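Going line by line, the protein sequences match chains A and B.
The first sequence: position 144 = 144 (our numbering), numbered continuously.
Position in the second sequence (from 1) plus 1000 gives the number in our numbering.
In short, the hints are calculated from the structure, not lab data.
Bear in mind the structure is a predicted one, so any value in this text is a computation, not a measurement.
Beta carbons: idealized from backbone N, C-alpha and C, even for Gly.
Be a bit skeptical, because a hint or two may be false.
Every beta carbon over 10 Å from chain B, so not counted as near; a handful from chain A, in silico [said to hold, decoys possible]:
1. Arg98
2. Met114
3. Leu167
4. Tyr168
One-sided and incomplete, this derived list gives chain A residues near chain B with beta-carbon spacing under 7 Å [to be verified]:
5. Leu126
6. Gln130
7. Val131
Quick list of the computed label-pair ranges, beta carbon to beta carbon [claimed, not checked]:
8. Ser159/A x Ala1127/B: 40 to 48 Å
9. Glu109/A x Asp1121/B: 45 to 53 Å
10. Phe1069/B x Glu25/A: 25 to 33 Å
11. Pro99/A x Asp1012/B: 47 to 55 Å
12. Gly138/A x Asn1085/B: 17 to 25 Å
13. Leu162/A x Ser1089/B: 23 to 31 Å
14. Asn1146/B x Ser36/A: 33 to 41 Å
15. Thr1157/B x Gln97/A: 29 to 37 Å
16. Gln97/A x Asn1146/B: 49 to 57 Å
17. Ser1067/B x Ile165/A: 21 to 29 Å
18. Ala19/A x Thr1148/B: 21 to 29 Å
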Amino acid sequence: MNVSINPTEDPLGLRQLNALEPDEEDVQRDWNVVRSAIEASAVRRRRNAVVSGFRLAAGLTLVLVLAFRFDARPGPEAPVDLASRPDIVTANEPADQRPDLIAMSQGMERQLRMLRKQVDHMPTELVVYQVELQDLIGQVDEALSLEPDADELWAQRVSLQLDLIKLYRNQLRRDMGLYASL
Amino acid sequence: MTGSAFDIELDDLTLARAKRGDVGACEHIFRAFHSAAWSVAMRLCQCPDTAHEVTQEAFITAFARLSQFRGDAPFWGWMRRVVINHALSTLRRTPRSTVIELDEQHTWMEGQQERMGDSMDLNAALAALSSDDRVVVWMHDVEGYNHTEIAAVFGKTESFSKTRLSRARAKLREWMEKAPQSGRLNEATH
């Protein structure tokens, strides 16, 4: 450890104070909490990777189906009547859900801003959960920047925001209960 | 920056493994830096339970954000900044009624003096500072941060850092110098 004391930088000798040491029991307890958070984060990342994998597979299948259908067309005759061809999946079908999902997400963002101002402290284990949810929302946002029309991503965003809102509301209820009992 | 308890070398392999989520590597980092983290958190927050909360949250954040550590500065400096940010954030969440501002409450000081005996040592004097003064003087005189860096942590100007440092040092000096002569702080202040 590099310790170089310049008297002018430490005129009161604060660096001479002994380092404070926690009990080994407390160190282990701290590690148990941190390890749980690391493991929870790893589980969520794996789950997210599986969902992304399925999404990628679904997207590739769609591309292959469309490519096959276009290749198989006999010639440039009448356009395909999609109503009579339910086996053809198009990217336009779910579009009518997207505006609702986006509006819901925006509304939830406003709620979250208000809730964050009201909640000023949470137990450590809930902070872990909060950080994880925010991380997942961040990952969904990153995916949305590449696929802004993906309804599934918007739905996932709304679902995560709802979890975060519940987290804050539950904490507020706990705080209200605590104040009421004083 | 010198004189910091965080100044511990960390090998690149352990860091790389931790970035990939290797729990063993994370534990190695945790055990290497825990003492320094808790000690700083304790000095700044002056409460063992709060220091443990700050330490836990700091490590959780550090491991969650490890991918953002680019390696263009020593890891220990980055880790230390995470701990200090969490300590400051925790101090700011503490209701004002539980934070003692000693330039407003000399009677509290007198009680503290009586409990300590004839002298107020540096530990007690540091504990008696306001949280902002304590954080600034610790960051500057012990951890070696400059005023620009301290101002950035607080989201304020360099002038804030310099003023707080000057004030904190003056108070510490006063409390430590007067106490051994008179035995009672209230005699020296009147």
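Hints versus structure:
1. Arg98: Arg98/A is indeed farther than 10 Å from all Cβ atoms of chain B, at 31 Å.
2. Met114: holds (18 Å)
3. Leu167: Non-interface label stands for Leu167/A: nearest chain B Cβ at 16 Å, farther than 10 Å.
4. Tyr168: holds (15 Å)
5. Leu126: violated (11 Å)
6. Gln130: violated (11 Å)
7. Val131: holds (6 Å)
8. Ser159/A x Ala1127/B: 40 to 48 Å: holds (47 Å)
9. Glu109/A x Asp1121/B: 45 to 53 Å: holds (51 Å)
10. Phe1069/B x Glu25/A: 25 to 33 Å: With a Cβ separation near 30 Å, Phe1069/B and Glu25/A satisfy 25 to 33 Å, so the hint holds.
11. Pro99/A x Asp1012/B: 47 to 55 Å: Roughly 49 Å apart at Cβ, these two residues keep to the hinted range, so it holds.
12. Gly138/A x Asn1085/B: 17 to 25 Å: holds (19 Å)
13. Leu162/A x Ser1089/B: 23 to 31 Å: holds (26 Å)
14. Asn1146/B x Ser36/A: 33 to 41 Å: Given about 37 Å between the Cβ atoms, the range holds.
15. Thr1157/B x Gln97/A: 29 to 37 Å: violated (50 Å)
16. Gln97/A x Asn1146/B: 49 to 57 Å: This hint holds: roughly 54 Å between Cβ atoms.
17. Ser1067/B x Ile165/A: 21 to 29 Å: About 27 Å separates the Cβ atoms of Ser1067/B and Ile165/A, which means 21 to 29 Å holds.
18. Ala19/A x Thr1148/B: 21 to 29 Å: Holds, at about 27 Å.
Violated hints for the displayed structure, listed by number in ascending order: 5, 6 and 15.
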